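**Student:** Let's have the full structure, built from the sequences with the hints guiding it.
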Amino acid sequence: MADVFYSILCVFGLAFYGIFLGLVFSGVDRMVVARMQSRIGPPLFQPFFDVLKLLNKQDMLPANAVPGIFRMAPVVALAAAVTLLFYLPLGGIGAPVLEGRGDAILALYLLLIPGLAMVIGGFAGGSPYAAIGAQREMVTMISYELPLATVILTFAWKLASLGVAQPFSLGVMAAQPIWGYVGLLGSLGVVILFFVMLLVTPGELGRIPFDSPEAETELAGGILVEYSGRSLALFQLAMAVKTVAMGALMVTLFLPWNVSGWIALPAPVGAVADFLFFLVKVGFLLFFSVSVLRAAMARLRISDVVTGYWKWIGSAAVVGLLLILLDAKG
Amino acid sequence: MRLKANKALGRSLWVYLCNTGSCNGCDIECVALGTSRYDVERLGVKIVGSPRHADVLIVTGPVTRKMEPRLRMIYEQMPDPRFVIVAGVCGMSGGMFYDSYALAGPIDQIIPVDVYVPGCPTRPEAVIHGLSLLLEKLEKMES
Numbered sequence: 001m002a003d004v005f006y007s008i009l010c011v012f013g014l015a016f017y018g019i020f021l022g023l024v025f026s027g028v029d030r031m032v033v034a035r036m037q038s039r040i041g042p043p044l045f046q047p048f049f050d051v052l053k054l055l056n057k058q059d060m061l062p063a064n065a066v067p068g069i070f071r072m073a074p075v076v077a078l079a080a081a082v083t084l085l086f087y088l089p090l091g092g093i094g095a096p097v098l099e100g101r102g103d104a105i106l107a108l109y110l111l112l113i114p115g116l117a118m119v120i121g122g123f124a125g126g127s128p129y130a131a132i133g134a135q136r137e138m139v140t141m142i143s144y145e146l147p148l149a150t151v152i153l154t155f156a157w158k159l160a161s162l163g164v165a166q167p168f169s170l171g172v173m174a175a176q177p178i179w180g181y182v183g184l185l186g187s188l189g190v191v192i193l194f195f196v197m198l199l200v201t202p203g204e205l206g207r208i209p210f211d212s213p214e215a216e217t218e219l220a221g222g223i224l225v226e227y228s229g230r231s232l233a234l235f236q237l238a239m240a241v242k243t244v245a246m247g248a249l250m251v252t253l254f255l256p257w258n259v260s261g262w263i264a265l266p267a268p269v270g271a272v273a274d275f276l277f278f279l280v281k282v283g284f285l286l287f288f289s290v291s292v293l294r295a296a297m298a299r300l301r302i303s304d305v306v307t308g309y310w311k312w313i314g315s316a317a318v319v320g321l322l323l324i325l326l327d328a329k330g
Numbered sequence: 001m002r003l004k005a006n007k008a009l010g011r012s013l014w015v016y017l018c019n020t021g022s023c024n025g026c027d028i029e030c031v032a033l034g035t036s037r038y039d040v041e042r043l044g045v046k047i048v049g050s051p052r053h054a055d056v057l058i059v060t061g062p063v064t065r066k067m068e069p070r071l072r073m074i075y076e077q078m079p080d081p082r083f084v085i086v087a088g089v090c091g092m093s094g095g096m097f098y099d100s101y102a103l104a105g106p107i108d109q110i111i112p113v114d115v116y117v118p119g120c121p122t123r124p125e126a127v128i129h130g131l132s133l134l135l136e137k138l139e140k141m142e143s
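As you go down the protein sequences, you meet chains C and B in turn.
So the first sequence is numbered by the working numbering: it starts at 1 and just counts up by one.
So the second sequence is numbered by the working numbering: it starts at 1 and just counts up by one.
Since the hints were derived computationally from the structure, they do not count as laboratory data.
The structure presented is a predicted model; accordingly, all values stated were derived computationally and were not measured.
Built from N, CA and C at the ideal position, the CB exists for glycine as well.
One should not assume that every hint holds.
Said to hold, decoys possible - Some chain C residues well away from chain B (every beta-carbon gap over 12 Å; in silico):
id	residue
1	L9
2	I142
3	Y181
As the list claims (entries may be wrong) - Derived CB-CB ranges, DEER-like:
id	chain 1	residue 1	chain 2	residue 2	range
4	B	A32	C	V75	34 to 42 Å
5	B	V31	C	D304	35 to 43 Å
6	C	Q58	B	I28	13 to 21 Å
7	B	A32	C	V306	31 to 39 Å
**Tutor:** Set out below in structure tokens:
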């Protein structure tokens, strides 16, 4: 009974945590990009105002939409994004809530579900703009899955070849930083995989230059074109939670160190320091992979997204994998 | 709760631009709102691509007969609460096209208008002033 109660508490706690952090990070992103474009930019809490406003607006149902699916898609997207947080190490607050019940492969699938829900919702909206956006979203998903899966499989293979139990567990990956197990050649491979992951993140989050599914100027909002009010707010919250999840995943794979591992601190202070350090790491990674790219680049055509991810980023990921393989053999 | 909702609305006005047959002068001036010189994003204003996402409809141009049903449709696609700003003198009176056979009338004969922003073309500062007038109207609605 207490177990169930604890789980329910974790669900609400983590949902609140993910939404709050996600909105703060997207506020930071908007501020930083505005400064880079020599604008003043919105206040830090602008995304909160946006979501609060959307929650209080009318939620319209288009005339030729499929009502049930159209209304369910945003709920599924947010639920999947929050579920993802249960399997990720979130820095300082201990092991993942459902540690041992799911691993990196499950996280890969859960990362797909918000995008899939958007695709289904886009098709259910009955707008041709949303249909084109949904097709582009599917193509984008197929594109970034290859490099993302290569990165995660490389890590799992490395841990498995060292004889670590449960090499696919994200908790194990966080506890065993890969940098300590590779030589010079392998480190080069890990650096390449790190850059691959930084380039996969904006595609996963649908940000510029990989935002062709939304494409405000050509598709009028694309996949979200028919969504308004509460449903649109739920999609925005799902994206915010997914931002935190992608940041946490990158930290788990590439920068899993903690402050308390370096300096001896009393337990509660150490936990707080670890948590703040985790936030700094996530913010740092999102700054490079989301904000800088967004300010520096224009939108890529959908065909360039596919070529970019499969040909260039995909082969870079394979080169990283080969370097780590060679490092282990030699 | 209602008061809080209006506060959030005032700090996050999403704008949809609609050209109903203007010469494109006012549209260029309105799009300039997003540039670093005027930067309306600091006020929470964002130009969106779909009327479903919008709170404010900025209409430019005298309404031509072809655009009349489209303008009405775009207004109906916006979720409540929704507001309309007319940018430019064409939309207020027909402007230089006031006696044209092709006009379906000034905008306020087709959809309800909240704020009029004159000018030919209207300057971006004037549109920002129009947005602030809309915020004043929102505050009056609260009290």
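**Student:** Going through the earlier hints one by one, which of them does the structure break, listed in rising order?
**Tutor:** 5, 6
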